[in-house]
Structures are given as structure tokens and as C-alpha cells.
Amino acid sequence: MARELSVPTLGMDMQEATIVRWLVCEGDEVQKGEPVLEIDTDKTTFEVEAPESGTLSNLTGKEGETLPVGAFLAYVLAPGEEVPQKEGEDKEEGHQEEGQQNEQEEEGSLVPDASPEIPPDEPLSPEPGAPVPEEVSPEEVSPEEVSSAGSGPSAEAGLSEDGSGAVGGPASAPSVPPPAAGKGLRASPAARRLAAERGVDISSVAGSGPAGRVYLSDVLAFEATTTAPAATPEQGEQEEQEVSREELPSREASPKATSREGAAAGAATSSGVAAEVLEEGIRREPLTQVRRIGAKRTQRSFSEVPHFYLRREMDAGALVLLRERLKEKLGERPEAVGVVPSLNDLVAFAVSRTLADHPRLRARFDEERGELVVHERVNLGIAAATERGLVVPVVRDAGSLRLLELAKRTRELLGKAREGKLAREELSGGTFTISNLGMMGIDSFDAIVNQPEAAILAVGQLRTVPRWNGEEWVPREVFSCTLSVDHRVADGADGARFLADLAEALKDWELLL
1 MARELSVPTL GMDMQEATIV RWLVCEGDEV QKGEPVLEID TDKTTFEVEA
51 PESGTLSNLT GKEGETLPVG AFLAYVLAPG EEVPQKEGED KEEGHQEEGQ
101 QNEQEEEGSL VPDASPEIPP DEPLSPEPGA PVPEEVSPEE VSPEEVSSAG
151 SGPSAEAGLS EDGSGAVGGP ASAPSVPPPA AGKGLRASPA ARRLAAERGV
201 DISSVAGSGP AGRVYLSDVL AFEATTTAPA ATPEQGEQEE QEVSREELPS
251 REASPKATSR EGAAAGAATS SGVAAEVLEE GIRREPLTQV RRIGAKRTQR
301 SFSEVPHFYL RREMDAGALV LLRERLKEKL GERPEAVGVV PSLNDLVAFA
351 VSRTLADHPR LRARFDEERG ELVVHERVNL GIAAATERGL VVPVVRDAGS
401 LRLLELAKRT RELLGKAREG KLAREELSGG TFTISNLGMM GIDSFDAIVN
451 QPEAAILAVG QLRTVPRWNG EEWVPREVFS CTLSVDHRVA DGADGARFLA
501 DLAEALKDWE LLL
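For the record, in the sequence shown the residue sitting at position 123 is 123 according to full-length UniProt numbering, with numbers rising by one throughout.
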């Protein structure tokens with residue numbers, strides 16, 4: 001039985017995701033658990049795997065397009081299995097409309113969703129002298145292989161950093177392209193991706209891998225040997241009229257390429273703006289999914305949650321001495337290589353232990369019932385800045401971890417966050433968050449509560465200040481902590497007591513042992 005591949009969910013609060021790129025093409029054979037495409041959510045980028053082994057069919061969704069959780073992406077068909085038909089399917093309506101426009105075409109031909117409507121007073125037949133595309137049966141072409149861009153310069157796609165693109169609108173009504181020449185070809189996802197981006201017919205590339213598998217290096221070598229001078233605009237216009245559909249690169253017919261060529265529409269849909277130059281020195285840039293959803297959530301949190309802020313200066317003298325001792329002692333232990341706790345690890349450890357005595361800061365406000373939901377365990381979120389935006393991986397049950405365990409787990413999560421490889425369970429369930437901008441030279445700042453949590457601790461940089469010890473001025477190492485709290489959950493006194501207990505723990509580590 002055909003298995004559906006759909007947009008998965010990372011957690012209860014996830015509602016949509018954006019397709020970053022397809023790693024396979026229409027008609028490819030996949031194995032169960034093999035990555036099929038990359039999905040971008042508000043928290044991370046992750047790979048969607050094939051639910052079963054089989055042949056991919058009916059790939060749906062363009063790169064850069066945002067889809068809701070549970071949306072259909074593709075079928076995985078067993079050998080000899082046909083695509084299941086659904087009642088009321090949109091493509092059946094498309095078949096009927098096409099049959100009314102041209103009775104000579106085969107019944108059931110596909111019509112692109114993005115096709116412009118043809119006014120009644122305009123002829124349906126092509127203009128005299130225009131090339132007539134070869135008729136293709138619907139069984140040979142998938143919906144994603146229907147390109148809405150014509151040949152020539154208007155079909156070229158420019159990709160933005162987040163995988164979206166910008167293309168011009170079609171000069172004439174789109175036609176159904178021929179099937180992909182590279183269908184079923186053995187090639188790595190990276191090789192297919194580069195070939196699509198560079199306009200290389202991957203079926204013409206000689207593969208150096210087993211059974212002729214094409215690698216990235218093969219595409220680069222092929223491109224280096226076939227580089228031709230760029231055509232002028234006049235030449236491009238002439239070629240557009242002279243080159244037939246059969247002579248175009250096969251990437252134009254592949255689902256991968258059409259996804260990229262149509263990514264401009266997806267970018268406009270997902271981010272609200274397309275990458276464009278408004279005037280000299282001013283341009284619009286589409287947001288990544290992380291930043292776009294993050295913007296919505298921070299706005300909602302700041303407008304719905306009644307914040308209050310408490311700032312306290314922490315004495316870091318004992319903290320610095322402890323880390324020096326740990327570096328000296330742990331440097332000789334093989335199991336501690338690469339996980340000597342940082343100052344941030346020590347602060348996180350102290351926070352996780354201090355929270356055990358402050359249940360209100362481990363709670364969330366249930367607005368519907370007007371009650372508090374208190375979490376017994378401390379699931380500590382560590383805010384991490386990545387190229388795609390801010391993400392918050394969660395150290396689960398941090399209050400029960402030993403110092404080295406917490407340091408190691410934190411490093412693993414931050415590394416995966418930078419690579420965009422965090423798992424679903426590593427991004428949900430947080431009960432308290434720490435955000436540290438001290439490494440960027442920030443003394444103090446006010447963070448926005450990470451809903452539905454009740455509080456977040458903003459940590460500033462370590463600095464040296466003069467302190468009077470009763471007899472003389474002496475240098476002291478300190479850092480600032482600012483606690484942002486949801487006033488519906490806790491009062492100022494609750495936050496002040498937490499900061500006082502944290503300050504005592506940082507000065508006397510025996511209190512945590």
C-alpha cells in the first residue's frame with residue numbers, strides 16, 4: 001500500500017514548516033529512513049526521512065514554500081504499485097478544465113496551478129512561428145514537473161541564501177515539459193543540487209562512483225570542461241525563439257529544478273517579501289523560517305506577557321577560581337577532554353540547582369483555566385545564536401545532571417544547533433531559559449520571556465570593578481544577571497529571592513553539593 005510522506009511536527013506548538021530543499025527527485029528509489037528533504041521550522045532545520053522503501057511519486061511543494069503540519073509531500077510506492085486516487089482531487093478538476101480548452105489533448109492532462117487565466121477573446125492556439133512543444137501524456141509527468149516559466153532567460157532561477165529564488169513571470173501560457181532526462185540516474189543529493197543550480201544536465205555527467213554514481217566532484221569537473229561564454233541579452237532573446245523544448249537542459253523538467261525556479265513564489269508566500277532592490281542602497285530580504293516565526297513569538301510574548309525585570313550583580317571570584325581548578329584537575333582525565341566546564345556551564349549548573357527551591361519560576365500560566373502548571377523537573381533552555389536565527393535547545397532534567405554531564409550535553413546541543421541538526425525532543429519542553437551575551441561584550445540586557453515559560457535569565461560579561469573591603473579598594477570580578485519574569489506567575493519578591501539564592505550559590509559552591 002502506498003505510504004504518504006507528510007510534514008512532521010516537532011512539538012505541540014509547531015504549526016508550519018518551510019521546504020529548504022529536496023534531496024531526491026521524482027521517481028527515485030529510496031530506502032526506509034533515507035533523508036528525502038530538508039524542512040525549516042521556527043527552531044531548526046531537520047531532514048525528513050522516507051517512511052518506507054520504494055519509489056517516490058507525486059512530489060509536492062516547492063523549495064521555499066511554507067506548508068502546515070501534516071501537509072502531503074509525496075507518495076512512497078511499492079514495486080508495481082500505482083498512485084492512489086482520491087475523490088474530489090484538485091487535479092481531476094484541472095483535467096476537466098483542460099479538456100474544455102483543448103479537446104484534442106489527452107483526457108487527464110495536467111495544468112499548472114500557477115497558470116495565468118486566458119481571456120475569452122484571446123486564441124488558444126500558439127502564435128504563428130512559435131515552437132510547438134511535444135505532447136506528453138499525464139502518466140509521464142508529475143505535478144511538480146509542470147513548469148510555469150518558459151525557456152530562455154525568464155526560466156533561470158536566482159537563489160537566495162535561505163534557498164528561495166526569484167524568477168520573472170512567464171511570457172506566455174506555460175506548457176507541459178518533457179520528462180526529466182536524469183530520472184532514475186544514480187547521483188548524490190549534493191551532485192543533483194549543484195547540477196540544478198548551475199544548469200548542468202546531470203545525465204551528461206560521467207559518474208566516478210560505484211555503478212556510475214555521480215558525485216559533486218564529477219559535476220564540477222564536467223562544468224569546468226564545458227564552460228561557455230555568457231550570451232548577451234539579444235542573443236538570449238534569439239535563442240529563446242530558436243531552441244525547442246527538447247534541446248533545453250533536463251533540469252528544466254526535473255522536480256528539483258522546477259522547485260527552485262518556482263521558489264520566488266514560495267519565498268513571497270512564506271516571508272511576505274521577495275529579495276529585491278527597492279532603490280540604490282535599499283533592498284528587501286526574506287526572513288528564514290526561524291527568524292520569521294521567532295519575530296511573531298517575541299512580539300506575542302512581549303505584548304501578552306506582563307514582564308518585569310530584576311537585575312543583580314554577581315560576585316564571580318569563586319566562580320573563576322573554581323574553573324581554574326577544574327581546568328587543572330580535569331585536564332589529566334581522558335573522559336574530560338573537550339568538556340572542561342566553561343563559566344556559562346557553571347552558571348547553568350548553579351541555576352539548575354537553585355531552581356529546585358523556586359517552583360514558581362518553573363511554572364507556566366494556563367490562561368484558559370486561570371491556573372499555574374508547575375513542572376517538577378528543570379528542563380533548562382540554552383539560547384543559541386545561529387546563522388539562521390535564535391534557537392533554544394533544551395537540556396532535559398538538568399537539575400539531576402552532574403557538572404560534567406551538563407557541560408557535555410550543553411556542548412552537544414549547541415553544536416547541533418549551529419549545524420541545524422537538533423532533534424524534535426531537543427527543542428521542546430523547556431521550563432526555564434538562560435541567554436548569555438557576555439561573550440559579545442554586553443554588560444547587561446533585558447531578555448523577552450520564552451513562552452510558555454515564566455522566566456528567563458540574561459547573563460552579561462565578566463568584568464573587573466573596584467570594591468571597598470572595609471580597609472582599601474580591591475579589584476573584584478563580577479557579572480550582571482537580569483531576570484525577566486511573567487508577572488502572572490510570580491511576583492517581584494519571588495524573583496528577588498531566586499537571585500539572592502543564586503548569588504549565594506555562586507559565592508559558595510558547597511551550597512550546591
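These are calculated hints, taken from the structure and not from any lab test.
Just so it is clear, CB atoms sit at the ideal spot from N, CA and C, and this is done for glycine as well.
One or more hints might be untrue.
[Stated by the list, open to error] Here are the simulated DSSO-like cross-link-like pairs (lysine-lysine), alpha carbons at most 30 Å apart as the crow flies: (1) 408 - 421; (2) 416 - 32; (3) 408 - 329; (4) 416 - 296; (5) 296 - 507.
[To be verified] Simulated restraints on C-beta separations: (6) 221 - 377: 48 to 58 Å; (7) 284 - 491: 18 to 28 Å; (8) 366 - 402: 29 to 39 Å; (9) 276 - 31: 33 to 43 Å; (10) 49 - 278: 22 to 32 Å; (11) 300 - 342: 26 to 36 Å; (12) 321 - 51: 46 to 56 Å.
Give me the numbers of the hints this structure contradicts, sorted from smallest to largest.
Those not satisfied are hints 5, 7, 10.
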